[in-house]
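Chains as they are written, first to last, in numbering that gives the first Met the number 0: chain A, 0 to 204; chain B, 0 to 204.
Hints listed in this document are in silico derivations from the structure and should not be mistaken for laboratory results. It is possible that some hints are incorrect.
[Stated by the list, open to error] Which stretches of chain A does chain B cover? Using the computed rule of at least three CB atoms under 8 Å from a CB of chain B, they are: (1) 148–160; (2) 165–176.
[Stated by the list, open to error] If the Cβ cut is set under 8 Å, some of the chain B residues that face chain A in the computed set are: (3) Leu-135; (4) Trp-167; (5) Thr-192.
Predicted model, so just to flag it, every value in this text is computed and none were measured. C-beta: ideal position from N, C-alpha, C; glycine also.
Number of protein chains: 2
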Amino acid sequence: MTSSKIEILAKAAECFMEQGFHATSIDDVARRLGSTKGRIYHHYASKTDLFFEVHREGMARLFAAVEPACAVDGDALTVLRAMLRAHARAMLDNHTFENVVAQGVQLHRFGLGPTTDPQRRTLSELIASRDAFEGLFKRQAAAARQAGLLAELDISIAVKTMLGALQWSLFWYRPEADRSPEARDVLAEQMVTTIIEGLRPRAMG
Amino acid sequence: MTSSKIEILAKAAECFMEQGFHATSIDDVARRLGSTKGRIYHHYASKTDLFFEVHREGMARLFAAVEPACAVDGDALTVLRAMLRAHARAMLDNHTFENVVAQGVQLHRFGLGPTTDPQRRTLSELIASRDAFEGLFKRQAAAARQAGLLAELDISIAVKTMLGALQWSLFWYRPEADRSPEARDVLAEQMVTTIIEGLRPRAMG
């Protein structure tokens with residue numbers, strides 16, 4: 000993707016995050032870009048297309064972060080931990096884009112987003128990609144359970160709970176507070192440590 | 000609160016959850032109630048007041064669920080577990096109201112909600128009540144850490160991570176799927192088990 004398109008998507012993501020899909024106009028995005036609407040329409044036919052591209056980029060960034068972690072050396076729990084760590088960091092790094100992904104999920108749920116058939120198909124594809132993402136974690140959690148490294152949990156609920164712990168950062172994380180990658184590393188590590196070993200009584204073993 | 004007011008709030012919560020604060024009108028709520036706008040205006044002066052009352056009721060239900068758990072017998076981790084369990088169940092029981100609470104948090108963050116001074120003060124009070132709620136868990140987690148029952152975590156991040164794990168159910172839970180209190184009990188237990196002991200390698204002790 001060209002840097003011009005990335006810049007448009009980043010500003011659009013800010014507008015969608017702050018105002019929501021319905022209250023955002025192409026005018027708002029152009030104003031934030033300090034450019035003309037023409038520059039946006041050159042790449043995106045409509046506000047809905049722009050929203051989809053932000054959503055698609057948000058999902059692509061999550062996959063790009065987590066897929067390498069799927070291939071680290073170690074037992075099944077070590078791999079799962081690496082995946083959660085990568086996901087936590089990606090949620091912080093791409094706070095604005097991932098806010099829009101979450102919004103897309105809700106619009107889809109309540110049937111309030113796009114209105115044409117092709118748009119509905121696109122949104123369904125984006126939601127399917129989210130399910131595939133969750134699937135990476137489900138397979139890994141199942142492997143860890145199989146290896147006796149995980150409690151006997153309902154894998155689907157356990158994965159939703161783990162991912163939710165990281166994704167809720169959409170509600171409290173403030174990107175302006177720690178701009179350095181190192182600060183985000185520390186935060187991601189604290190979140191994952193909480194999930195992995197924070198709460199089990201030490202004496203229970 | 001009278002049952003008539005509770006009914007208005009419940010329908011308003013549905014509208015706000017599905018359409019968002021800005022796209023919802025008093026007309027929408029009246030239509031869903033199958034009643035006149037007059038019935039709503041008899042109790043609430045404006046859409047914003049109605050939104051605040053839903054938010055307030057959502058917070059009240061969380062406190063009502065978790066406060067008794069703060070007083071259970073047991074060590075500091077047992078109490079923390081009971082509190083998380085009560086919170087998980089309350090999030091499922093009050094899915095619609097808690098969706099609106101989360102929306103209020105975002106409106107406050109982006110300064111997009113109420114516009115008058117008294118309204119802004121009310122929203123700030125509601126946000127402060129949310130901080131107090133998180134404070135219950137922070138104090139309990141600190142007590143558990145003090146007692147050596149919790150890893151050496153940053154308490155603030157750990158609590159946000161734990162609560163997020165439960166609160167993310169706003170994005171995936173479907174109340175229509177299990178209407179019975181027993182089914183919600185099972186689900187709440189699975190979520191809390193994931194947080195408390197799901198992921199720590201058994202051999203590590």
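TODO: Return the numbers of the hints above that this structure violates; sort them in rising order.
DONE: Hint check: 3 fails alone, others pass.
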